[in-house]
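There are 2 protein chains.
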Amino acid sequence: MDEIIVNHVKEYVNLSDDDLKLFTSMLTEIKLAKRKLLLQPGTHVKHEYFVTKGCLKSYYLDAKGNRNIVQFSIENWWLGDFDAFYNNVPSKLYIEAIEDSTLLAINYDNLQILFKKAPVFERYYRLLVTGAFISQRKRILSSLVNNTRERYLEFCETYPSIENRVPNYHIANYLGVSPERLSRIRRELKN
Amino acid sequence: MDEIIVNHVKEYVNLSDDDLKLFTSMLTEIKLAKRKLLLQPGTHVKHEYFVTKGCLKSYYLDAKGNRNIVQFSIENWWLGDFDAFYNNVPSKLYIEAIEDSTLLAINYDNLQILFKKAPVFERYYRLLVTGAFISQRKRILSSLVNNTRERYLEFCETYPSIENRVPNYHIANYLGVSPERLSRIRRELKN
Numbered sequence: 000m001d002e003i004i005v006n007h008v009k010e011y012v013n014l015s016d017d018d019l020k021l022f023t024s025m026l027t028e029i030k031l032a033k034r035k036l037l038l039q040p041g042t043h044v045k046h047e048y049f050v051t052k053g054c055l056k057s058y059y060l061d062a063k064g065n066r067n068i069v070q071f072s073i074e075n076w077w078l079g080d081f082d083a084f085y086n087n088v089p090s091k092l093y094i095e096a097i098e099d100s101t102l103l104a105i106n107y108d109n110l111q112i113l114f115k116k117a118p119v120f121e122r123y124y125r126l127l128v129t130g131a132f133i134s135q136r137k138r139i140l141s142s143l144v145n146n147t148r149e150r151y152l153e154f155c156e157t158y159p160s161i162e163n164r165v166p167n168y169h170i171a172n173y174l175g176v177s178p179e180r181l182s183r184i185r186r187e188l189k190n
Numbered sequence: 000m001d002e003i004i005v006n007h008v009k010e011y012v013n014l015s016d017d018d019l020k021l022f023t024s025m026l027t028e029i030k031l032a033k034r035k036l037l038l039q040p041g042t043h044v045k046h047e048y049f050v051t052k053g054c055l056k057s058y059y060l061d062a063k064g065n066r067n068i069v070q071f072s073i074e075n076w077w078l079g080d081f082d083a084f085y086n087n088v089p090s091k092l093y094i095e096a097i098e099d100s101t102l103l104a105i106n107y108d109n110l111q112i113l114f115k116k117a118p119v120f121e122r123y124y125r126l127l128v129t130g131a132f133i134s135q136r137k138r139i140l141s142s143l144v145n146n147t148r149e150r151y152l153e154f155c156e157t158y159p160s161i162e163n164r165v166p167n168y169h170i171a172n173y174l175g176v177s178p179e180r181l182s183r184i185r186r187e188l189k190n
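Sequence lines, in order, name chains H and B.
For the first sequence, numbering that gives the first Met the number 0 assigns the number 0 to the initial residue and increments by one for each residue that follows.
For the second sequence, numbering that gives the first Met the number 0 assigns the number 0 to the initial residue and increments by one for each residue that follows.
None of these hints come from the bench; they were simulated from the model.
Heads up, the list lumps identical chains together, so a pair's fine if it works in one copy or across two of them.
The list that follows gives simulated cross-link-like pairs (lysine to aspartate or glutamate, DMTMM-like), each with its CA atoms no further than 20 Å apart:
1) K35 with D99
2) K115 with D18
3) K45 with D108
4) K137 with E47
Just so we're clear, the structure is a prediction, and the values are computed from it rather than from any experiment.
Model the full structure from these sequences, guided by the hints.
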């Protein structure tokens, strides 16, 4: 199971076997059944998670209780509530499994030890977070500039393998449109 | 002028005089007069910028040509078009000075040399980008969950010294409300 995350790390940085061994010794495997929650608001978040198998959604409830999906996570993605994790504030995010999922968890204290003992992981996480920041900003920009069709195509590019794994109404929610509107766009694109 | 950025770096990491010297040797000072553009769409972006004096706004134009301010930057903030800078794609962002501003610029190639020769800067930038990612996500969450009054108070907290430096209609634009609505909220809060 470690092989997936080891390959992911190696895509970003060159590192010694000792560094890798330290890192993998800090990971704990978690199984999460479909529809189960990994996180919910008000939790003290001690872990970040890497997906080795499965698919999850991260969402907020708005003031009216409506769900707003802000992220899907599939194999090779890290996820968590970063604000809660790094700033030690109660979480605000729901994270729920869309499929039976397997995750690797690293806890906050171990991560700090890792940065100290194997600083190459500063680089790994810097590159990851920079990518996440850019994706998030691109999504903001896209919501301002692009029409739904363009945003759906972007979604397919960002999540290439996800389209057939996630229900239509989840993708519609993520894009901020009605399921009917999304179905229409999908039909148009097939013609 | 370097003192401001040196103090900023020292707030995040412990580092040697040699590391600091290498870093500051890579910075170039830029003066930008009020209303001048630092960046515009379609540019090949070679630099990231740190504000030592002044105030700037980053914005996109939407499909209808309306301006959407996504960030203000004041003293001690880094800014730039990260997607363009890191992924070598044409920029999409406008960055414009709201006040006469002084910036320190670092170019991409130098930054890579810095990471190699002084890896402590991997940590500095990791911490910065993590903070930026969290702020950006909080803003997305806030737009879903909070009313305008709460979002305005959050804005004042995020940008404590900016409220009197930026025209009312800019703040309204950032919050996505009309200037009249913002004025009303400000009056209510004063009573």
